[in-house]
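Engineer: Each chain, letter by letter, is given below.
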Amino acid sequence: MIEEPYRWVEAIANRREYVETQLASGSPIAAVGYRDGILFLTLGQARQKIFEIYDRIAMGAIGHPGDIERLRMGAIELASTEGFTRSAGDVSLRRLAHYSLSPVMKSAFEQVYGPPYLARLLFAEVGAQPEEDSFLRVEYDGAIATNGATFAQVRQDFAVLSGTRQSTELMESFLKSEHAPGATFEAALKAALDAWSIGHMALQKDDAKELPERTAIAKHRQEQLATTGIEAAILERDASAAIRYRALSDKEARALIGD
Amino acid sequence: MEPSLVTLDQIFSGASEDFPELLRRKGLLSPAAIVDPTVRATGSHQQSWTPTEATTILAFKFSGGVLVAGDRRATAGNTVVYDRADKVLEIDRHSIMAIAGVPATAWEMARVLEHSFQYFRRTQLQEMSVDGKVRALSKLLRDNFGFVMQGVGMVVPIFATYDSNSNPEARLYFYDAMGAQFEAADYAATGSGSPAVRGILYYENHWGEKSLKQLGEDEAVAIALRALDTAAESDTATGGVDRTGEIFPIIKTVSRDGIMTLPEEKIAAVFKKSVA
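Chains A and B, in that order, are what the protein sequence lines are. FYI, in the numbering used here the residues of the first sequence are 408 to 666. FYI, in the numbering used here the residues of the second sequence are 1155 to 1430.
Do not rely on the hints blindly, as some may be mistaken.
What the hints assert, rightly or not - Pair ranges (Cβ atoms, derived): (1) B:ASP1190 to A:ALA535: 23 to 31 Å; (2) A:SER494 to B:ALA1339: 34 to 42 Å; (3) B:ARG1178 to A:ALA552: 30 to 38 Å; (4) A:HIS505 to B:VAL1234: 42 to 50 Å.
Unchecked claim - Only some residues are given here: those of chain B computed to face chain A with a beta carbon under 7 Å: (5) LEU1182; (6) ARG1238; (7) TYR1273; (8) ARG1276; (9) GLN1278; (10) GLN1280.
None of these hints come from the bench; they were simulated from the model. Remember, it's a predicted structure, so these values are computed and weren't measured experimentally. Backbone N, C-alpha and C fix where the C-beta goes; we use that ideal spot for every residue, glycine too.
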């Protein structure tokens, strides 16, 4: 039945709906660049969602744990073998995503007899300067969104990941207006927390079109911080150590927020 | 379909694939050499694989952790090819591998090891245990032994690390070319100049003013320099201290805080005061 083109399109559409539903409850993740690095942040402690991929690359993911794990392993494998045969400087997030992950995820998604990857991935690679930071989101169908400038948008120094398109867009529009390039760590942490809160609020409402009031954001943030843990990691810009990834414990993150 | 770069086809046997296996699967590392007993039947081969690693490496525990020192000379037969070789290599923030033997093989091993530890931490989301690290090097040596039998690529390393788990302490290991690992209680030495060094360290440890473990950093550096200088006195393959060229041995320490490479000025100062 799939041989007929129309059936194939229909099957893909069904599959897209299915995957979107599966991913819809994923807790948002915000990656925000600041003067001395890049911060990844999310709330919730059910399972780890932020990972180290290579010296300068980190990944955040929502979706099925089995699929996330396979993609994570694949990414680490590729980066590690590239870094081993050439050098750490030759490992590039752009190539990792465009050349390796995206085609694999696309073909898994479109081969309707096999299972798709139920995962949405957020990557960041820290550069020597904030302008060289690279952010990437890879969708379950292999589509890639980057932080680079296009006709429609200026270059951004952040990227977000969430369960629904609505939630993602609200987080982005918040960061676009509130987050300044070259911000301090404290400002970045606050922006990331607020962005998470906005994304999380949007997941709980069906028709969240507008950014919520500041007081509502602060209230939601307080409520969530009281009950859930913070998961955070940073990629440090400081080039004195090769490995830039550092996970922040819940306690460390709270101390920095002043909560 | 064209085979994709991401294989994503791990067979879940419960055990994780180690990094050298991954490299071999991708054809990026030469396969483990098969030990063929017939190869070393001739006299020349037999001679070539007797332990003649031309260098001197030493390590001992002192009050601040472990000190690892190595001379700078690299030789090919009886020719000195390089006088600034670095044979004391950092593998991760708390581990040092110091090498005696064929540089090409040794540096490749160090590189594989370095990536193995990081690959493990990233994939398994935890640091590899000290026992795991010590074993990883042992396995690389065993995989290499077939080449050693053929007369190429003999490596006899020392491995120093800091175990921050249940019982925090500096740990020191030495190996033979087949991959047997031995934990050293106080000190270890390897390379062609090591017999002299072993004598000095034994003497100092038993009859010196203080045992090695009680030495402060400057005292420890002085002993290391004297030992290397002594080794160079009778062993042509050991550089010792180049007094005219002012080339000093590489000395690093491992402690709870990580690895520290002693600056050349400091080594020079200790040398002037206690050795020269």
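Engineer: A separate judgement is required for each hint: does it hold in the structure or not?
Structural biologist: Outcome of the hint check:
no.	hint	in the structure
1	B:ASP1190 to A:ALA535: 23 to 31 Å	50 Å, violated
2	A:SER494 to B:ALA1339: 34 to 42 Å	38 Å, holds
3	B:ARG1178 to A:ALA552: 30 to 38 Å	36 Å, holds
4	A:HIS505 to B:VAL1234: 42 to 50 Å	49 Å, holds
5	LEU1182	5 Å, holds
6	ARG1238	21 Å, violated
7	TYR1273	5 Å, holds
8	ARG1276	5 Å, holds
9	GLN1278	10 Å, violated
10	GLN1280	11 Å, violated
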